[in-house]
Amino acid sequence: RCEFIIEKKKRRCGMRRQKGASFCLDHLKNELGQNGSEDQRIPCPLDPKHSVWSRRLKLHLNKCNARPVEVHDPWYEANYNTRLRSDEGVEKDSIQEPIDNQKITTFQEDIEMFNQVISALQTYSKSIEPVPEMVRQHPGLDSWMEAKQNKKHILQQSSMAGILKELGLLSSENLYMEFGCGKGELSRIINTCILSDKHASQKTYGFGLIDRGANRMKVDNKILQDCENSELQPVIKRSRIDIEHLVVDKFLESSEPTSVVAVSKHLCGVATDLTLKCLLNLSTTIKRLKGLVVAMCCRQVCNYEQLLTPSKKYLAQHGIKDAEHFSVLKKVLTWAVCGTTTDHELSNGQNKEDLGLLARTMIDNSRVFTINKMMPEFTARLVKYAEKNVTSENHCLQMT
1 RCEFIIEKKK RRCGMRRQKG ASFCLDHLKN ELGQNGSEDQ RIPCPLDPKH
51 SVWSRRLKLH LNKCNARPVE VHDPWYEANY NTRLRSDEGV EKDSIQEPID
101 NQKITTFQED IEMFNQVISA LQTYSKSIEP VPEMVRQHPG LDSWMEAKQN
151 KKHILQQSSM AGILKELGLL SSENLYMEFG CGKGELSRII NTCILSDKHA
201 SQKTYGFGLI DRGANRMKVD NKILQDCENS ELQPVIKRSR IDIEHLVVDK
251 FLESSEPTSV VAVSKHLCGV ATDLTLKCLL NLSTTIKRLK GLVVAMCCRQ
301 VCNYEQLLTP SKKYLAQHGI KDAEHFSVLK KVLTWAVCGT TTDHELSNGQ
351 NKEDLGLLAR TMIDNSRVFT INKMMPEFTA RLVKYAEKNV TSENHCLQMT
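Note that the sequence shown covers residues 1 to 400 in the UniProt record's numbering.
Derived from the structure by calculation, the hints contain no laboratory data. Since the structure is predicted, the reported quantities are computational estimates derived from the model, not experimental observations. Warning: the hint list may mix true and false statements.
[Said to hold, decoys possible] Restricting the straight-line Cα-Cα distance to at most 27 Å, the calculated cross-link-like pairs of lysine-lysine (BS3-like) are:
#: 1; residue 1: K9; residue 2: K198
#: 2; residue 1: K198; residue 2: K151
#: 3; residue 1: K237; residue 2: K287
#: 4; residue 1: K165; residue 2: K151
#: 5; residue 1: K384; residue 2: K331
#: 6; residue 1: K9; residue 2: K287
#: 7; residue 1: K148; residue 2: K203
Take these sequences, add in the hints, and give me the full structure.
The structure is reproduced here in structure tokens:
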């Protein structure tokens with residue numbers, strides 16, 4: 001294995017290294033190159049998350065998966081979901097005004113704002129009920145559970161499938177839109193459970209897979225292979241597109257489903273808010289929308305400007321009055337997963353992890369409030385869909 005030590009995790013990198021090299025390709029940038037050559041691994045200019053040999057940079061840029069897309073699908077419209085269509089022509093209210101990100105504050109002002117947010121969270125904790133647990137399992141995944149050594153993902157997926165079934169959202173009548181789908185594993189799990197429940201074949205059954213990344217090891221074909229001995233023939237449609245630019249109705253034109261269920265496992269930060277806007281933006285979609293089950297994560301990468309107006313109002317009612325307060329709130333919520341650190345408490349004895357969980361819950365509850373306010377035909381709630389020892393990001397947003 002690679003000899004690079006990951007300081008934060010106190011262990012070696014788990015990637016394989018080439019014969020004769022000390023490091024994997026990603027960490028070779030920490031030495032001159034193989035066999036002492038001057039050729040180096042450098043960050044890719046298009047996506048610094050991966051690296052490339054300097055001598056091959058020009059060739060790599062022509063085929064890198066992060067290169068700009070020149071030809072867009074018919075359902076692409078730049079920045080379509082950055083705001084609601086119903087808000088066009090309407091002046092922004094004061095709560096939506098952007099702030100100057102370069103605003104200079106004094107140390108004393110920073111401390112005061114931090115204390116204001118902590119005080120708001122302490123008050124908030126007295127006004128809310130604990131997030132209820134809804135940990136479920138689907139019997140159709142028992143064989144998967146036995147076959148897996150690391151069960152953390154299958155436990156989460158099984159719980160989400162069980163929740164879908166309990167809410168009446170697990171059926172071959174639905175088209176499942178998986179946002180931030182990655183390889184499409186959640187869709188395959190849903191299909192496996194529908195096969196297990198022996199649902200009758202429906203023409204509108206299928207999966208719409210949405211992800212802005214270029215993913216390897218996609219399971220689209222495996223979904224079809226799983227159905228070879230069944231009468232179920234799901235339609236699978238994948239699009240590499242940012243949710244920000246997705247026009248759902250155009251995406252669904254070819255399949256024309258009668259009911260759509262939105263799903264996702266660990267939809268990051270602002271992507272959750274963009275997904276809600278995506279579903280709100282077209283009335284024809286709302287009429288077909290049957291429900292939503294989304295496991296959320298990474299609120300620290302939320303964007304205040306992309307929060308829906310009711311979310312901002314909910315936060316303001318509980319002391320998070322503007323983008324500056326929200327920026328502090330995002331820092332506090334990272335304490336929810338701070339692990340076993342030595343400074344686990346503030347000077348006043350308040351547990352940092354508890355405050356982080358409160359901050360996370362406040363943002364999640366603002367989304368529940370938004371759905372109930374803007375989509376009165378649905379009921380939204382927040383639940384814990386997995387135990388904390390399975391995943392610390394265990395909040396699930398439901399809408400039926």
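Hints, verified against the model:
| no. | hint | result |
| --- | --- | --- |
| 1 | K9 <-> K198 | violated, 44 Å |
| 2 | K198 <-> K151 | holds, 25 Å |
| 3 | K237 <-> K287 | holds, 21 Å |
| 4 | K165 <-> K151 | holds, 21 Å |
| 5 | K384 <-> K331 | holds, 22 Å |
| 6 | K9 <-> K287 | violated, 47 Å |
| 7 | K148 <-> K203 | violated, 33 Å |
Going through the hint list in order, the structure does not satisfy hints 1, 6 and 7.
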